[in-house]
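Chemist: Top line first, the protein sequences correspond to chains A and B.
Position 297, counted from 1, in the first sequence is what our numbering calls 297; the numbers after and before it change by one each time, with no gaps.
Position 297, counted from 1, in the second sequence is what our numbering calls 297; the numbers after and before it change by one each time, with no gaps.
Just so you know, these hints were derived from the structure itself, not from any lab.
Among the clues, some could well be false.
Copies of one chain are not kept apart here, so a pair can be met inside one copy or by any two copies together.
Below, in silico cross-link-like pairs of lysine-lysine (DSS-like), each with a Cα-Cα straight-line distance of 27 angstroms or less [claimed, not checked]: (1) K98 - K7; (2) K98 - K11; (3) K201 - K5; (4) K98 - K5; (5) K318 - K343.
There are 2 protein chains.
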Amino acid sequence: MIAEKMKPYVKNNSAIRMMFEEGNRLRAIYGADKVYDFSLGNPSVPAPECVKEAIIDLVNEVEPTVLHGYMSNAGFEDVRQTIAESLNRRFGTKFAAKNLIMTVGAASGLNVIFKTILNPEEEVIVFAPYFLEYGAYVRNFDGKLVEISPDTTTFQPNLEEFEQKITAKTRAVIVNTPHNPTGVVYSEETIKKLAVILEKKQQEFGSVIYLISDEPYRELAYDGVEVPYLTKYYDNTIVGYSYSKSLSLPGERIGYLVIPDEADGSEELITAAAIANRTIGCVNAPSLMQKVIAKCVDAEVDVAAYDKNRLALYNGLKECGFECIKPQGAFYLFVKSPVADEKAFCEAGKKYNILMVPGSSFACPGYVRLAYCVSYDTIINSLPEFKKLAEEFGL
Amino acid sequence: MIAEKMKPYVKNNSAIRMMFEEGNRLRAIYGADKVYDFSLGNPSVPAPECVKEAIIDLVNEVEPTVLHGYMSNAGFEDVRQTIAESLNRRFGTKFAAKNLIMTVGAASGLNVIFKTILNPEEEVIVFAPYFLEYGAYVRNFDGKLVEISPDTTTFQPNLEEFEQKITAKTRAVIVNTPHNPTGVVYSEETIKKLAVILEKKQQEFGSVIYLISDEPYRELAYDGVEVPYLTKYYDNTIVGYSYSKSLSLPGERIGYLVIPDEADGSEELITAAAIANRTIGCVNAPSLMQKVIAKCVDAEVDVAAYDKNRLALYNGLKECGFECIKPQGAFYLFVKSPVADEKAFCEAGKKYNILMVPGSSFACPGYVRLAYCVSYDTIINSLPEFKKLAEEFGL
Numbered sequence: 001m002i003a004e005k006m007k008p009y010v011k012n013n014s015a016i017r018m019m020f021e022e023g024n025r026l027r028a029i030y031g032a033d034k035v036y037d038f039s040l041g042n043p044s045v046p047a048p049e050c051v052k053e054a055i056i057d058l059v060n061e062v063e064p065t066v067l068h069g070y071m072s073n074a075g076f077e078d079v080r081q082t083i084a085e086s087l088n089r090r091f092g093t094k095f096a097a098k099n100l101i102m103t104v105g106a107a108s109g110l111n112v113i114f115k116t117i118l119n120p121e122e123e124v125i126v127f128a129p130y131f132l133e134y135g136a137y138v139r140n141f142d143g144k145l146v147e148i149s150p151d152t153t154t155f156q157p158n159l160e161e162f163e164q165k166i167t168a169k170t171r172a173v174i175v176n177t178p179h180n181p182t183g184v185v186y187s188e189e190t191i192k193k194l195a196v197i198l199e200k201k202q203q204e205f206g207s208v209i210y211l212i213s214d215e216p217y218r219e220l221a222y223d224g225v226e227v228p229y230l231t232k233y234y235d236n237t238i239v240g241y242s243y244s245k246s247l248s249l250p251g252e253r254i255g256y257l258v259i260p261d262e263a264d265g266s267e268e269l270i271t272a273a274a275i276a277n278r279t280i281g282c283v284n285a286p287s288l289m290q291k292v293i294a295k296c297v298d299a300e301v302d303v304a305a306y307d308k309n310r311l312a313l314y315n316g317l318k319e320c321g322f323e324c325i326k327p328q329g330a331f332y333l334f335v336k337s338p339v340a341d342e343k344a345f346c347e348a349g350k351k352y353n354i355l356m357v358p359g360s361s362f363a364c365p366g367y368v369r370l371a372y373c374v375s376y377d378t379i380i381n382s383l384p385e386f387k388k389l390a391e392e393f394g395l
Numbered sequence: 001m002i003a004e005k006m007k008p009y010v011k012n013n014s015a016i017r018m019m020f021e022e023g024n025r026l027r028a029i030y031g032a033d034k035v036y037d038f039s040l041g042n043p044s045v046p047a048p049e050c051v052k053e054a055i056i057d058l059v060n061e062v063e064p065t066v067l068h069g070y071m072s073n074a075g076f077e078d079v080r081q082t083i084a085e086s087l088n089r090r091f092g093t094k095f096a097a098k099n100l101i102m103t104v105g106a107a108s109g110l111n112v113i114f115k116t117i118l119n120p121e122e123e124v125i126v127f128a129p130y131f132l133e134y135g136a137y138v139r140n141f142d143g144k145l146v147e148i149s150p151d152t153t154t155f156q157p158n159l160e161e162f163e164q165k166i167t168a169k170t171r172a173v174i175v176n177t178p179h180n181p182t183g184v185v186y187s188e189e190t191i192k193k194l195a196v197i198l199e200k201k202q203q204e205f206g207s208v209i210y211l212i213s214d215e216p217y218r219e220l221a222y223d224g225v226e227v228p229y230l231t232k233y234y235d236n237t238i239v240g241y242s243y244s245k246s247l248s249l250p251g252e253r254i255g256y257l258v259i260p261d262e263a264d265g266s267e268e269l270i271t272a273a274a275i276a277n278r279t280i281g282c283v284n285a286p287s288l289m290q291k292v293i294a295k296c297v298d299a300e301v302d303v304a305a306y307d308k309n310r311l312a313l314y315n316g317l318k319e320c321g322f323e324c325i326k327p328q329g330a331f332y333l334f335v336k337s338p339v340a341d342e343k344a345f346c347e348a349g350k351k352y353n354i355l356m357v358p359g360s361s362f363a364c365p366g367y368v369r370l371a372y373c374v375s376y377d378t379i380i381n382s383l384p385e386f387k388k389l390a391e392e393f394g395l
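Bound conformation, chain A alone (with noise of 0.2 angstroms):
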């Protein structure tokens, strides 16, 4: 009865079913205290008091007709207008109201650019460990998706492939950084490259590559590390981003697309996008939430908590004498499986309670991936339980 194309999505489905369902099987058995799930990118910090201060002010002050009435497709032009002066403040951008589409989260986002860019078998490049729900969003638009092979010493992209696998029909890359699944953050040097390559490309086919910064985890990094700012070093720089992470808001889908004037077509592209809001069914970002960016717009969960997770986490791997590359950013550990099926790895770890995701969810196999968005007892409880799984490895 479903879509020739849906079918491969529902056969999949089972999949993901059965990890959540074996989740809530060990819960029944053990207690949620004993279980530890750290499979889900679920945030696990409170949105910041902010959030709540502002719903509150708004539905007192706000006309409930304009609180929760339509606006342009785009969003409402103030806070459009506010965002962008707070990217501007930071990043030194020249952002306008104009610049920005307020969308449903970043998947929506992405789905508004693929489907205001992308015409049918035109290249989506992508760099694995990806996020594989972009292969669903690209095949929405009949685009093809083109993946780089993962460079697993720096988990950096792979610029000598992606240069080579950039062909006449590439229409946009996709990079995400802070990076899930493994935490990395892309360096300016790296960033730098890969804007030089996308010049000579765009240049030797003649063509208009999008580079599309898909950043939802921007606002978590540690270490002091800088994110480089895309849109400062390749002009036809695309920014998705989400609130999702940074405000802990990921079920109320509140997020933006940045088009700047640089980019090539800007003009038409935002045009564009903004219809494609409407037609893909999105239509505008949920009001009420629109307002309360505005309020929030410099508000931030608490890092702290993450980066007290990251450490207490990564660490303890460490000491069982698993390997994996210091995340910098997001909330992911993406740790080398000891045997090469790493879903026999994820399987084992069962029998401890500890619930992982097989790195192949991620186009990686080999390795697992780990969201640290759980509390910190979740963590310190965990560690005799690696314990015994390093130790049934041989490690």
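Keeping the supplied structure of chain A fixed, place chain B upon it in accordance with the hints.
Modeler: Below, chain B without anything else, positioned relative to chain A:
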């Protein structure tokens, strides 16, 4: 720079923008209270007080990581169960939480269901006049929109032509009752005849044809008219609902799909629709608003205010000599243009600061749509201007 598929939308968009700018231009010259803008379907009646109360209670009582957190892609189970029970009480249906999928408004709900069921080249039937955006949603999945010409006497669907145009490729039929742009409510007799035709054609072609009931205006019904609940007449009915009008929350993007157990392949459809919600980029309906709905499930806006507008405008226009079917629902009047070229009539209206939408924007030229979701004063003050307009056209 934009995708080929987007080009017609961008071209068409400038017409919409021009109308919007015309309104702003007139308001700047004459003052907002001297411009009679009937062009927008943006609710003028505020959300009921319980929405504000629910929001404040929720932010005070619910843990933020839950209130603003991810949930199942189908939505919070308790919210879906509450809505299912409300529908069962009101319509004698037998839905459970699993039959509902919370969506980012009805527009997104329609995209979710088309993503779920529609293969390229399959046909979706609509009855003119209709909301042109349906065409965009169907084209998103490379489906083919098939129009049934209007019955301009009753504005009930033209069932003879309908029966002829169903083919082996017909995958779905959209109905919208109460109806935009006519305000007509499809009678139980119409629905029963429609169901008989669909059953017969399913048998003839050995196919499954889904009846998609797009019903954002369900609660806006007048004169005690009954709005039949379509799942009771035809098993393969899927309902798309929105709280945009019933609770005046259009900017919040909150609605749901109902996929009843009786629908062919129900279980598979439900699974696939929840996945489609994620892959089209919505992920889930906004979380706070889902919880608000559960708390306001039997609330509605002050429908009497719309009714008062309806009668004032309908009677006023009739007195001017205009022809119009008396609407029993929604907040639109569909007025016969006194000249065949209704765009010329709309242009003439602007001289009197009256803004109307041409019927050709709903695939029904020769008519104009007036949205009476405006202030009562706007209606009363517009009537002398309509009188002049009528006289100009010799009525």
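Chemist: Hint by hint, say whether it matches the structure.
Modeler: To see whether the hints hold, each was checked on the structure:
Taking the shortest alpha-carbon separations for K98 and K7, only the inter-copy value of 20 angstroms comes in at or below 27 angstroms, while the best intra-copy value is 39 angstroms. Only between protomers do K98 and K11 lie at most 27 angstroms apart by alpha-carbon distance; the minimum there is 19 angstroms, versus 41 angstroms within a single protomer. Only between protomers do K201 and K5 lie at most 27 angstroms apart by alpha-carbon distance; the minimum there is 25 angstroms, versus 32 angstroms within a single protomer. For the homomeric pair K98 and K5, the shortest alpha-carbon distance between copies (23 angstroms) is at most 27 angstroms, but the shortest distance inside one copy (35 angstroms) is not.
Taking CA atoms no more than 27 angstroms apart as the test, K318 paired with K343 passes inside one copy only; the shortest distance there is 21 angstroms, against 73 angstroms between copies.
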